[in-house]
Amino acid sequence: MNDWLSALFALFIFPGFGFLFVCALAFQWIDRRVAARLQGRIGPPWFQPLADFIKLMAKEDILPTGAHEWACAALPIVSLAAVLTAALYIPPSFPPIGGEEGGGWAASAFEGDLIVVLFLLSIPALACFLAGWLSVSVYSIIGGNRSLLQYFSYEVPFLMALSGPAILSGSWSISRIAAQQSQTAWMVFVQPLGFLLATVGLIGKLKRVPFDIPKAKSEIVAGPLTEFSGRKLALWHLTLHMQTVVGIFLLVNLFLGGCSIGLVVPATLVFGVKAVLILLALSVASVLYARLRIDQLASLGWRVLAPLALAQILIIIWIGVA
Amino acid sequence: MTRMTIPIGPQHPMLKEPLSFLLTVEGEQVVDSALRIGYVHRGIERICQNRNYIQNVHVVERVCGICSHIHTTTYCQGVEALLGLQVPPRALYLRTLLCELERIHSHMLWLGVLAEDIGFTTIFMYAWRDREIVLDIMEELSGGRVAHAVNVIGGVRIDVDEAQVDSILARLDELERQIETLLGVIQHERTFQVRTRGVGHLSAEQARRYCVVGPTARASGVDVDMRRDAPYAAYDRLDFRVITAEEGDVWARTLVRVQETIESLHMCRQLLAGLPQGVLTVRAPRRVPPGEVVSRGEAPRGELVYYIRSDGSDRPARVKIRTPTLTTLITLPDQLRGATTADVPAVLAGVDLCIACADR
Numbered sequence: 005m006n007d008w009l010s011a012l013f014a015l016f017i018f019p020g021f022g023f024l025f026v027c028a029l030a031f032q033w034i035d036r037r038v039a040a041r042l043q044g045r046i047g048p049p050w051f052q053p054l055a056d057f058i059k060l061m062a063k064e065d066i067l068p069t070g071a072h073e074w075a076c077a078a079l080p081i082v083s084l085a086a087v088l089t090a091a092l093y094i095p096p097s098f099p100p101i102g103g104e105e106g107g108g109w110a111a112s113a114f115e116g117d118l119i120v121v122l123f124l125l126s127i128p129a130l131a132c133f134l135a136g137w138l139s140v141s142v143y144s145i146i147g148g149n150r151s152l153l154q155y156f157s158y159e160v161p162f163l164m165a166l167s168g169p170a171i172l173s174g175s176w177s178i179s180r181i182a183a184q185q186s187q188t189a190w191m192v193f194v195q196p197l198g199f200l201l202a203t204v205g206l207i208g209k210l211k212r213v214p215f216d217i218p219k220a221k222s223e224i225v226a227g228p229l230t231e232f233s234g235r236k237l238a239l240w241h242l243t244l245h246m247q248t249v250v251g252i253f254l255l256v257n258l259f260l261g262g263c264s265i266g267l268v269v270p271a272t273l274v275f276g277v278k279a280v281l282i283l284l285a286l287s288v289a290s291v292l293y294a295r296l297r298i299d300q301l302a303s304l305g306w307r308v309l310a311p312l313a314l315a316q317i318l319i320i321i322w323i324g325v326a
Numbered sequence: 443m444t445r446m447t448i449p450i451g452p453q454h455p456m457l458k459e460p461l462s463f464l465l466t467v468e469g470e471q472v473v474d475s476a477l478r479i480g481y482v483h484r485g486i487e488r489i490c491q492n493r494n495y496i497q498n499v500h501v502v503e504r505v506c507g508i509c510s511h512i513h514t515t516t517y518c519q520g521v522e523a524l525l526g527l528q529v530p531p532r533a534l535y536l537r538t539l540l541c542e543l544e545r546i547h548s549h550m551l552w553l554g555v556l557a558e559d560i561g562f563t564t565i566f567m568y569a570w571r572d573r574e575i576v577l578d579i580m581e582e583l584s585g586g587r588v589a590h591a592v593n594v595i596g597g598v599r600i601d602v603d604e605a606q607v608d609s610i611l612a613r614l615d616e617l618e619r620q621i622e623t624l625l626g627v628i629q630h631e632r633t634f635q636v637r638t639r640g641v642g643h644l645s646a647e648q649a650r651r652y653c654v655v656g657p658t659a660r661a662s663g664v665d666v667d668m669r670r671d672a673p674y675a676a677y678d679r680l681d682f683r684v685i686t687a688e689e690g691d692v693w694a695r696t697l698v699r700v701q702e703t704i705e706s707l708h709m710c711r712q713l714l715a716g717l718p719q720g721v722l723t724v725r726a727p728r729r730v731p732p733g734e735v736v737s738r739g740e741a742p743r744g745e746l747v748y749y750i751r752s753d754g755s756d757r758p759a760r761v762k763i764r765t766p767t768l769t770t771l772i773t774l775p776d777q778l779r780g781a782t783t784a785d786v787p788a789v790l791a792g793v794d795l796c797i798a799c800a801d802r
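Quick mapping for you: the protein sequence lines, in order, are chains E and S.
Our numbering numbers the first residue of the first sequence as 5 and each following residue consecutively.
Our numbering numbers the first residue of the second sequence as 443 and each following residue consecutively.
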């Protein structure tokens, strides 16, 4: 009985849906507010993300004639589910007392969960492409194509950058990589280049400025999501914002030592501060740059990011051997 | 590769005014484009024939929401020439002052629109925030932010006093600092340059053949400026540079316009410093003697031409308005050919279209 309750608690409250939902809204608000202040604006009040979500959920849900209704309804749910599942393996905190050996308080953990998480996190990009393809609008078809092209540009350096900490710590479990850093050094100090590449890759994954190419509104309206409205659009937005949270949590675990224990301040608070720092970096980046073209991104991804990531991995392996 | 047709407009997030482009694309590359205009045609030239000369000042002010003042200036200039009126120098200075303030506001608006279209929201926000300074000045002077109703036939209806001059000068200094900052950002931010360099190229030869005017022509190395070539109002008494560039792409257009904005600020200072004393209007008769006139002015987007014919009554027999945007519109298919779909907003924004002007 107790096992059931704690499993349900983990799935729906912490660190599952409820916690992620609150984080998604909070991160979205911080992001919008910081970007607004940097641009000389005021920014939205704290409840704006929630209000936006509720408003979209209540709106009429229409699809153009000829769109694949079943797929268009399923795709946002599938991508949201993928992101939520990925979140189960990413510990946002250590257990208050005790806990399994070496692991954080992820809802679940096993050797190799990093690979599963990376796979799950790439599902929204593919779902986006399909959504664009199946919703019969020229803008969404172009947007879908672009999101697939973008996926090929950032994903390889992103994966290589994230495998750095795994190779160095000899484990492919996120919880274990995080725990190991609290005993040794944070990976960001060992592999600053890897951290940078992972952050850039994350910006591409989240389709944020300057890599907001698939949804460039002055070019292709809203890209793959042009024809979506109401609940489906709300779910797409929620997916994106949860993906932001999960992606940032992943970076904190792999590079910033997760939540180190032994301090007086609560571990979750430390973790939150690290996560918000990465979020701030993303917000600042979104204010600093103009949107790139897809060909410019592809050339950046393959000519600059991928070779750098490869060099980083080779260095790590060389260190490991030596 | 399969061809696809993408409609840009008449409703599209990129467009601030209705215009329709049907782009034929192969993948991301534009191979052809078809232009349709006329969505905001209001028949202003015909309306002008049904109103008297004084009412028409307010009609032509509504041709454009951005450069309303240069329209009334050029129109009044034409009617004054038909009447043989000598406009008092103080009125000419004030007209010119408003023209230059309007150019600053138009160019800053354009910079914001371009930045927004290439996905650089920050410059958009900064440019439009700083544009408020010049809008405030214009509102104080005339009572309106974009429709100023400053010109009357035979002079202007506004005046400035010493205190206003000082306050305007102080705010112009503030504005210049902000524009210098923006110029610095544009010149040093690489993402801005990779999105604008080599995009929407128009050679000097093409610009001449299409009769392109204004900053777009000057960015292609065609050195035309009505303010210097055919001085009107108080421009013959001002000292200013005509900014040109050679590249002929969106990047060159950006540099030309931003530097022109700074040049306009200097001109505003000269105008305020050298403001002559005297009356503001001379009396104009209601009936205009028969004849015809071509009146020209340099709008923010280039040469603006008014042709007015009078049959001796109090209403014009014909008013023909030729706006600078019309000349740039016909160059767009050339500029778009071979561009990628991502460059389309930069190209369309780069030439600074004013559809309301073009459609009239």
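There could be a bad hint or two in this list.
Each computed SDA-like pair below joins lysine to any residue, with the alpha-carbon atoms no more than 20 Å apart [said to hold, decoys possible]: (1) S:LYS762 x S:THR782; (2) E:LYS221 x S:ALA523; (3) S:LYS458 x S:ARG571; (4) E:LYS221 x S:LEU464; (5) S:LYS762 x S:HIS500; (6) E:LYS221 x S:THR563; (7) E:LYS63 x E:ALA78; (8) E:LYS221 x S:MET567; (9) E:LYS221 x S:LYS762; (10) E:LYS221 x S:HIS483; (11) E:LYS59 x E:GLY44; (12) E:LYS221 x S:HIS500; (13) S:LYS458 x S:GLN471; (14) E:LYS221 x S:LEU551; (15) S:LYS762 x S:ARG504; (16) E:LYS63 x E:GLY234; (17) S:LYS762 x S:GLY451; (18) E:LYS221 x S:VAL636; (19) S:LYS458 x S:GLN629; (20) E:LYS221 x S:GLY451; (21) E:LYS59 x S:GLY469; (22) E:LYS63 x E:ARG235; (23) E:LYS221 x E:TRP137; (24) E:LYS221 x S:SER737; (25) E:LYS59 x E:ARG235; (26) S:LYS458 x E:ALA226; (27) E:LYS221 x S:THR564; (28) E:LYS221 x S:ARG504; (29) E:LYS221 x S:PRO455; (30) E:LYS221 x S:GLY469; (31) E:LYS221 x S:GLU734.
Source of the hints: derived by calculation from the structure; they are not laboratory data.
Taking the hints in turn, this is what the structure says about them:
1. Distance check on the hinted pair: LYS762 (chain S) and THR782 (chain S) sit about 37 Å apart at the alpha-carbon level, beyond 20 Å; violated.
2. A distance of roughly 48 Å separates the Cα atoms of LYS221 (chain E) and ALA523 (chain S); the hinted pair therefore is violated under the 20 Å criterion.
3. For the proposed pair LYS458 (chain S) and ARG571 (chain S), the alpha carbon gap of about 18 Å is at most 20 Å, so the pair holds.
4. Annotation: proposed proximity of LYS221 (chain E) to LEU464 (chain S) holds, straight-line Cα distance about 17 Å (limit 20 Å).
5. A hinted pair counts as satisfied when its Cα atoms are at most 20 Å apart, and LYS762 (chain S) with HIS500 (chain S) qualifies at roughly 16 Å.
6. For the hint linking LYS221 (chain E) to THR563 (chain S), the alpha-carbon distance of about 12 Å falls within 20 Å, and the restraint holds.
7. The suggested pairing of LYS63 (chain E) with ALA78 (chain E) holds, with an alpha-carbon distance near 18 Å, which does not exceed 20 Å.
8. A C-alpha spacing of about 17 Å is found between LYS221 (chain E) and MET567 (chain S), which places the hinted pair at or below 20 Å, so the restraint holds.
9. The hinted pair formed by LYS221 (chain E) and LYS762 (chain S) fails the criterion: a straight-line CA distance of about 37 Å is larger than 20 Å.
10. Of the supplied pair hints, the one linking LYS221 (chain E) and HIS483 (chain S) is violated, its CA atoms being roughly 27 Å apart against a limit of 20 Å.
11. Simply put, LYS59 (chain E) and GLY44 (chain E) have alpha-carbon atoms about 27 Å apart, too far for the 20 Å limit, and the pair is violated.
12. A distance of roughly 36 Å separates the Cα atoms of LYS221 (chain E) and HIS500 (chain S); the hinted pair therefore is violated under the 20 Å criterion.
13. For the given pair, LYS458 (chain S) sits about 24 Å from GLN471 (chain S) by alpha-carbon distance, which is inconsistent with the 20 Å threshold.
14. For the hint linking LYS221 (chain E) to LEU551 (chain S), the alpha-carbon distance of about 19 Å falls within 20 Å, and the restraint holds.
15. Straight-line distance between C-alpha atoms of LYS762 (chain S) and ARG504 (chain S) comes to about 15 Å, which keeps the hinted pair within the 20 Å bound.
16. With a CA separation close to 5 Å, the supplied pair LYS63 (chain E) and GLY234 (chain E) stays within the 20 Å bound.
17. Among the hinted pairs, LYS762 (chain S) with GLY451 (chain S) is inconsistent with the structure: their alpha-carbon atoms are about 27 Å apart, more than 20 Å.
18. Annotation: proposed proximity of LYS221 (chain E) to VAL636 (chain S) holds, straight-line Cα distance about 19 Å (limit 20 Å).
19. Restraint check for LYS458 (chain S) and GLN629 (chain S): the C-alpha separation of about 26 Å exceeds 20 Å, so the hint is violated.
20. For the proposed pair LYS221 (chain E) and GLY451 (chain S), the alpha carbon gap of about 13 Å is at most 20 Å, so the pair holds.
21. For the suggested pair LYS59 (chain E) and GLY469 (chain S), the alpha carbons sit about 36 Å apart, so the restraint of at most 20 Å is broken.
22. Distance hint between LYS63 (chain E) and ARG235 (chain E) is fulfilled; the C-alpha atoms sit about 7 Å from each other, no more than 20 Å.
23. With a C-alpha separation of about 18 Å, the suggested pair LYS221 (chain E) and TRP137 (chain E) falls inside the 20 Å cut-off, and the hint holds.
24. Proposed proximity of LYS221 (chain E) and SER737 (chain S) is contradicted: the alpha carbons are some 41 Å apart, above 20 Å.
25. Our distance criterion of 20 Å between C-alpha atoms is met by LYS59 (chain E) and ARG235 (chain E), whose separation comes to about 9 Å.
26. Between LYS458 (chain S) and ALA226 (chain E) the alpha-carbon distance is near 17 Å, which keeps this suggested pair within the 20 Å criterion.
27. A threshold of 20 Å between alpha carbons decides the hint, and for LYS221 (chain E) with THR564 (chain S) the separation of about 16 Å falls inside it, so the pair holds.
28. A C-alpha spacing of about 30 Å is found between LYS221 (chain E) and ARG504 (chain S), which places the hinted pair above 20 Å, so the restraint is violated.
29. Between LYS221 (chain E) and PRO455 (chain S) the CA atoms are separated by roughly 6 Å; this keeps the pair inside 20 Å, and the hint holds.
30. In summary, the hint linking LYS221 (chain E) to GLY469 (chain S) is supported, as the alpha carbons are separated by about 18 Å, within the 20 Å threshold.
31. Between LYS221 (chain E) and GLU734 (chain S) the alpha-carbon distance is near 48 Å, which puts this suggested pair outside the 20 Å criterion.
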